[in-house]
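Colleague: Whenever a hint applies, use it, and build me the whole structure from the sequences.
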Amino acid sequence: MYNRGYYIALVIILGAFLQCSAQDCDLTIRGYVIDESSQAPLAYVNLYIQETQSGTTTDETGFFSLDKICMGHYHIIVSHIGCEDEKFHCDILSDTILNLTLSHTPISLGTVVVSSQKEDYNNQANLSVNRSVIEDNSHLNISGLLENETGVSLLKNGNGISKPVVHGLYGNRLIILNNGVAQSGQQWGNDHSPEIDPFALDKITIIKGANALEYGSGNLGAVILSEPKRIAKEPHLHGQVNYAYETNGRGQTLNTRLGKYSEALAWRLTGSLKRYGDRETPDYFLNNTGLEEANLSIQLEKTYNEKIFLDFYASTFNTRLGVLRGSHISNLTDLERALSQEEPFFTEPDFSDEIEAPMQEVSHHLAKAKAKYFISDNQIIEFVVSGQVNNRKEFDIRRSGRSEIPALSLFQSTVGADLSYGFTTENNWKLKFGNQTAFAKNTNNPETGIFPLIPNYTTLKSGLFGTATYSKDALTYNFGLRYDIEDQIVLGLTTSFPREVVRYDNLFHNFSALVALTAHLSDQQSLSWNVGYAMRNPAINELYSAGLHQGVSGIEEGDPNLNQEKALKNTLEYKWVPGSQFAFNVLGYYQYFEDYIYLNPQDEFRLTIRGAFPVFSYEQADADIIGLDVSTQYTISNSLLGLLKYSYLKGENRGQGEPLIFMPPNSLFASLTYRGHNTRMLTESLNMEDTEIEVTNRYVFRQNNLLDEQDFLAAPEAYNLFGLKVSTNFILPQYKIRGYLKVDNLFNTQYRDYLNRQRYFANDVGRSLVIGLNLKF
Amino acid sequence: MKTHNLPLWALLFSLVLFVACDPEEPGDGPEPELITTLNYTLTPTDGEVVVLTFQDPDGDGGDAPVISSGTLSANTTYVGTIELLNESVDPVEDITEEVEEEDEEHQFFFMSTVAGLTVDYADQDEDDNPVGLTSSLTTGDASTGTLTINLIHEPQKDADGVATGDISNAGGESDIEVTFSIVVQ
Numbered sequence: 000m001y002n003r004g005y006y007i008a009l010v011i012i013l014g015a016f017l018q019c020s021a022q023d024c025d026l027t028i029r030g031y032v033i034d035e036s037s038q039a040p041l042a043y044v045n046l047y048i049q050e051t052q053s054g055t056t057t058d059e060t061g062f063f064s065l066d067k068i069c070m071g072h073y074h075i076i077v078s079h080i081g082c083e084d085e086k087f088h089c090d091i092l093s094d095t096i097l098n099l100t101l102s103h104t105p106i107s108l109g110t111v112v113v114s115s116q117k118e119d120y121n122n123q124a125n126l127s128v129n130r131s132v133i134e135d136n137s138h139l140n141i142s143g144l145l146e147n148e149t150g151v152s153l154l155k156n157g158n159g160i161s162k163p164v165v166h167g168l169y170g171n172r173l174i175i176l177n178n179g180v181a182q183s184g185q186q187w188g189n190d191h192s193p194e195i196d197p198f199a200l201d202k203i204t205i206i207k208g209a210n211a212l213e214y215g216s217g218n219l220g221a222v223i224l225s226e227p228k229r230i231a232k233e234p235h236l237h238g239q240v241n242y243a244y245e246t247n248g249r250g251q252t253l254n255t256r257l258g259k260y261s262e263a264l265a266w267r268l269t270g271s272l273k274r275y276g277d278r279e280t281p282d283y284f285l286n287n288t289g290l291e292e293a294n295l296s297i298q299l300e301k302t303y304n305e306k307i308f309l310d311f312y313a314s315t316f317n318t319r320l321g322v323l324r325g326s327h328i329s330n331l332t333d334l335e336r337a338l339s340q341e342e343p344f345f346t347e348p349d350f351s352d353e354i355e356a357p358m359q360e361v362s363h364h365l366a367k368a369k370a371k372y373f374i375s376d377n378q379i380i381e382f383v384v385s386g387q388v389n390n391r392k393e394f395d396i397r398r399s400g401r402s403e404i405p406a407l408s409l410f411q412s413t414v415g416a417d418l419s420y421g422f423t424t425e426n427n428w429k430l431k432f433g434n435q436t437a438f439a440k441n442t443n444n445p446e447t448g449i450f451p452l453i454p455n456y457t458t459l460k461s462g463l464f465g466t467a468t469y470s471k472d473a474l475t476y477n478f479g480l481r482y483d484i485e486d487q488i489v490l491g492l493t494t495s496f497p498r499e500v501v502r503y504d505n506l507f508h509n510f511s512a513l514v515a516l517t518a519h520l521s522d523q524q525s526l527s528w529n530v531g532y533a534m535r536n537p538a539i540n541e542l543y544s545a546g547l548h549q550g551v552s553g554i555e556e557g558d559p560n561l562n563q564e565k566a567l568k569n570t571l572e573y574k575w576v577p578g579s580q581f582a583f584n585v586l587g588y589y590q591y592f593e594d595y596i597y598l599n600p601q602d603e604f605r606l607t608i609r610g611a612f613p614v615f616s617y618e619q620a621d622a623d624i625i626g627l628d629v630s631t632q633y634t635i636s637n638s639l640l641g642l643l644k645y646s647y648l649k650g651e652n653r654g655q656g657e658p659l660i661f662m663p664p665n666s667l668f669a670s671l672t673y674r675g676h677n678t679r680m681l682t683e684s685l686n687m688e689d690t691e692i693e694v695t696n697r698y699v700f701r702q703n704n705l706l707d708e709q710d711f712l713a714a715p716e717a718y719n720l721f722g723l724k725v726s727t728n729f730i731l732p733q734y735k736i737r738g739y740l741k742v743d744n745l746f747n748t749q750y751r752d753y754l755n756r757q758r759y760f761a762n763d764v765g766r767s768l769v770i771g772l773n774l775k776f
Numbered sequence: 000m001k002t003h004n005l006p007l008w009a010l011l012f013s014l015v016l017f018v019a020c021d022p023e024e025p026g027d028g029p030e031p032e033l034i035t036t037l038n039y040t041l042t043p044t045d046g047e048v049v050v051l052t053f054q055d056p057d058g059d060g061g062d063a064p065v066i067s068s069g070t071l072s073a074n075t076t077y078v079g080t081i082e083l084l085n086e087s088v089d090p091v092e093d094i095t096e097e098v099e100e101e102d103e104e105h106q107f108f109f110m111s112t113v114a115g116l117t118v119d120y121a122d123q124d125e126d127d128n129p130v131g132l133t134s135s136l137t138t139g140d141a142s143t144g145t146l147t148i149n150l151i152h153e154p155q156k157d158a159d160g161v162a163t164g165d166i167s168n169a170g171g172e173s174d175i176e177v178t179f180s181i182v183v184q
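Taken in order, these protein sequences are the chains called Z and P. Residues 0 to 776 in numbering that gives the first Met the number 0 are what the first sequence lists, from first letter to last. Residues 0 to 184 in numbering that gives the first Met the number 0 are what the second sequence lists, from first letter to last.
If you're looking for bench data, these hints aren't it; they were derived computationally from the structure. Incorrect hints may appear among the rest.
To be verified - Restraint ranges, calculated between C-beta atoms of paired labels, are given here:
id : chain 1 : residue 1 : chain 2 : residue 2 : range
1  : P       : T163      : Z       : R701      : 36 to 42 Å
2  : Z       : E403      : P       : T163      : 41 to 47 Å
3  : Z       : L506      : P       : D157      : 55 to 61 Å
We treat Cβ as the ideally placed atom computed from N, Cα and C, and that holds for glycine.
Modeller: Given below as structure tokens:
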């Protein structure tokens, strides 16, 4: 539902030949819109002049003409159905020829992203979520936006807490870049969401190949890039206000974004507020599953001269997330009692928007400054400094008013500096070298009065990388090498009395390498092969966890002798786009792990005064993941578009001869979209255009690759969810209002999802209606 | 680079000059909520007092707990009182008081596999629901088995069977679940 089939990365080449000869209101703006890759004319592209409230649409030859224009300054909005609008400012002083090139790329099929920064994603399997998808789904968190992408699943704890899983990897194995800075925080926890406000972003790209070497160490196969775009050269104050109401949870989301460009300083401000109460399954409310969120970000940009570009970004993200009351249990007996219930314990007959323990309170702050120095046309230096603060408090039900005191309280601060040098040689080799250094300090706040699950530590990481890209004829080559050094200093406590401080000092050396090759077999077909080797250090929780992990009701024990995890990932991707009607993409991958680190349930139970707890130990074994992502798109007619995606994945623990746990089940996604090309005039000054009706269907298979003894409860049955969305744009003088209405889980289907921890206790959420309005000015 | 940009660059570089310091010393703070010890004292009207004890002074993990077993007389009624202690702090903290103060939010459950052994509640909270800090234990003929004591925090005391000691619908989470070997002779 989130993917619109088409994405336009608009590269506007203003071939405007301005000739000064003052005339009356008799000027014309004419031109052609062509597709960048095929050079074919693009029909049905809307051009709209905001000031005159007049507009036109390109014809079959891509031609448009706007007549009777007065001399002046205008904002022209270019839109193509199902795509993000682009607005630019131009001065019309005479008859003007405006030739526009649209990069009209079916991104949902994972083709090359053409972005204004011309990043080299050439040989990588990419997916991206664009601004229009973000705006139409402002009620979702960043993980939720990615859910319908091929090869992506969500690991959840209820509806509010979720983290993305790409090709079976999540948490420490995945890097999330927020605005160019690796998101720090407590990524090890399966019930910890990434703390990023999607409304501040313009694009979320998932790089699935094992080759994103410049983005940091430890990523064994995927990187999620979330980034805002450059501030548009728009001298007037512009912005948008967005509001969405969701019936399930009675949730409200309010976002606003303001920006203005000037030579002196360009700025953009984004704010989001969100509040949800208890979610609802088809049969009952999920007690204490509300959430609150308040975020703010500021982006400043300054171009000093042709050579220096500075960019500053700061954001604050603050949330309170309720956890289903009935999922808060202690020992195994409690779990058995909970499993035998039809409805979760503590289910209330009425809706409530109160959030009490168990809950999480998390705030994350980021500040980043980036300087780009263009030494010459073919050389660039980039320098980034960043600081992050992450404060996580988790509250449990405790005796004697101690529910107010967090049971887990972690404070992390990270500072980082990245330096890179990019160079294009005369024979067109693109080279990039760089260093990334980051220091992180993680501290348990002593306020909890509970023995901490993970110890205090600091890590100092530094990495050197070099990448090279070369294109010749129909072939594109990518090479990369990376070396990282990491120093971990850990101060923990013994689990037995008297408590003594134990110190560990670890030094790791890591190497990563990649080779990728893309062959453009013809205008319509390409084949990419990508092989990457990477190493990941055992994380602090994998090494030193000791004690009860309340979130999962188990005793977790780290192993200080764990080795680095090594992974070799191979991907092979084939794309076939025979004309504009049909597109097909298939990506197969095989990833082999040496010393894959996982939590292995032990045969023993640990007897405590609170009863018996299962014991999980971090262990290593060789493992592999094999998978396939297929997507096809078919333009049935001018106004009807069909989309079909399928993801297959199988993970095996080779050392133990059993399946890997927490692997996403296979899934199928289909959508059918009707697009109305006509503009409907409602009144003299109110038009309605780009009306869309979309029906979606997501089928998630049962996870059959799981042994009974690997989980407390068998994997849930397959489920099938339908969705419906109607959206339209209302065009008013000066403004454009987008309205949409969406129904998720249309038939109120009862289901449970394998990757949602809440499945032990309750059904997943039922039908929900979302109404949203977005005003742009 | 123009000269007037230098302060800006200097500022950026100075941000990078951080000192790699050691992690914070972990706070070996008290764990006031920890229950390390349960004493179930059984006093017969006539005869020897029996104390069933579960003791785990270092909490979850670390050293294994020490559990006593009990020998009870057949066909006898005992008055049972429960004492909860946190022996990891000095002075030792009496957790029994916390449970007394929040007795609406707590209930003990007694489950026995010993033939003829029953435990009845002998106390009530303000809503006239049982708590179990004081109980009455009655033995039958000679037998052996186990007795499990479970303290549930925030039980749903109104749920079916909970007031009579059936744990299945109680909800909440276990603050205590200990099992003793019992010989009735």
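Colleague: How does the Cβ-Cβ distance of Z:L506 and P:D157 compare with 55 to 61 Å: does it lie in that range?
Modeller: Taking Cβ atoms as reference, Z:L506 and P:D157 lie about 59 Å apart, which means the hint holds.
Colleague: Indicate whether the distance between the beta carbons of Z:E403 and P:T163 respects the range 41 to 47 Å.
Modeller: The hinted range 41 to 47 Å is violated for Z:E403 and P:T163, with Cβ atoms some 33 Å apart.
Colleague: Do the Cβ positions of P:T163 and Z:R701 conform to the proposed distance bound of 36 to 42 Å?
Modeller: At 40 Å between Cβs, range holds.
Checked against the numbered hints above, the structure breaks only hint 2 and satisfies the rest.
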